[in-house]
Amino acid sequence: MKDLQSFGWYAAKIAPKLPKEAFKPVPSRLWGGLVYLLIAIAGILVIGLLNNLHPWLGIGIAVILGTCFAGMGFLGHEILHGTVIRKPWLRDFLGAVAFWPLSVGPKLWRKWHNTTHHVHTQHDGKDPDAWPTLENLSHKPLLQKVYKLPMWMRSIVSFAFLSVSFTLHGLFMFKRFITEFKPSKRPSVWIQLLLPWAMWLGLLAWLGPVKWFFAVLLPLLIANAIVMSYISTNHRLNPMTDVNDPLANSLTVTVPKWIDVIHFNFSYHTEHHLFPGMSPKYYPLVKKHIKEMWPERYHEMPHWKALVALWKTPHVYFNQTQFVDPAPGNLYPSLGYGMNQNETVEEKKRKRKSVSRTSKSIH
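Residues 3 to 365 in this note's numbering are what the sequence shown spells out, letter by letter.
Keep in mind that the hints were calculated from the coordinates and are not lab data. Just so we're clear, the structure is a prediction, and the values are computed from it rather than from any experiment. Take the hints with a grain of salt, since some may be wrong.
[Unchecked claim] With a cut-off of at most 30 Å between alpha-carbon atoms, the simulated DSSO-like pairs for lysine-lysine come out as follows: (1) K259 with K314; (2) K283 with K89; (3) K89 with K26; (4) K150 with K128; (5) K293 with K307; (6) K150 with K314; (7) K26 with K290; (8) K89 with K289; (9) K15 with K290; (10) K289 with K26; (11) K283 with K19; (12) K89 with K19; (13) K15 with K289.
Let's have the full structure, built from the sequences with the hints guiding it.
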């Protein structure tokens, strides 16, 4: 896929085919968030008020809480794109509530995600969510040591790390962007960061460490893992691109319909990058038109297959279209440039041999 087009180019061709209501906010999406919020509050109260909490009951409630926290995060993403409520102060308030469990403030999120990631998707050095390049790795001694581990071991560690990745990345993004806010805006950004953490620590004082584990820590680990299972596959199997072409640099994953319902259609990620200001309610219709107009460009994969592909692919870019496992120097293609998760082991071996000469240049 060499003739890249901007997201605006695609959007301009699809927009006339869509109904007018697709470009209006959908406040009814808030009902799902309210259900999640009430269940989350009830779950924490049950844990807190029970005299004797059986561990298995605690785990069961924690799974429900983690699912609610993740669902609220997906809705928060939607709210802060302005697709639910357009009034700025209400958008930010509801977004803050929805993102509260994941401890990310609305001002930081819009700076990091809306105005940086969406504008510079998969652009080396500009997208804060992109994997590092081999050149970047050369400036990070600690990561160099990590990449000397066998790939299977790195995959285990990286998948375990998904359970804390969103929260930690949010803290890194705070450090990166806080100085870019005007001095007058920085106190509110700090407050939006600190208030959720203050509440979690307050719950620790009330619940005690054991109940806090079931009511807060374990649910946050579960929520991180759910959210990152999508985010890690949104772009990280795709090539880097100088032109922000969502059909080249984004991946839509497919999940059962009921999961799309409880996750607010977050699986439709290519569609989201074409129309970030559109309610995900209409993304199935956008997908239909994309597949009719550019079927050869569109990338979609079952969610579980995308995770398998992520497990088998090193997380460093050799160039814009290939990944590299630094220690052995093996190269792996990205989506649109040869990645095929249905190929046999023998085909994979032949592919690796065909790039062996190029691999030697890494050393």
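Open item on the list: So, against the hints stated earlier in the document, which numbers end up violated here?
Closed with: none
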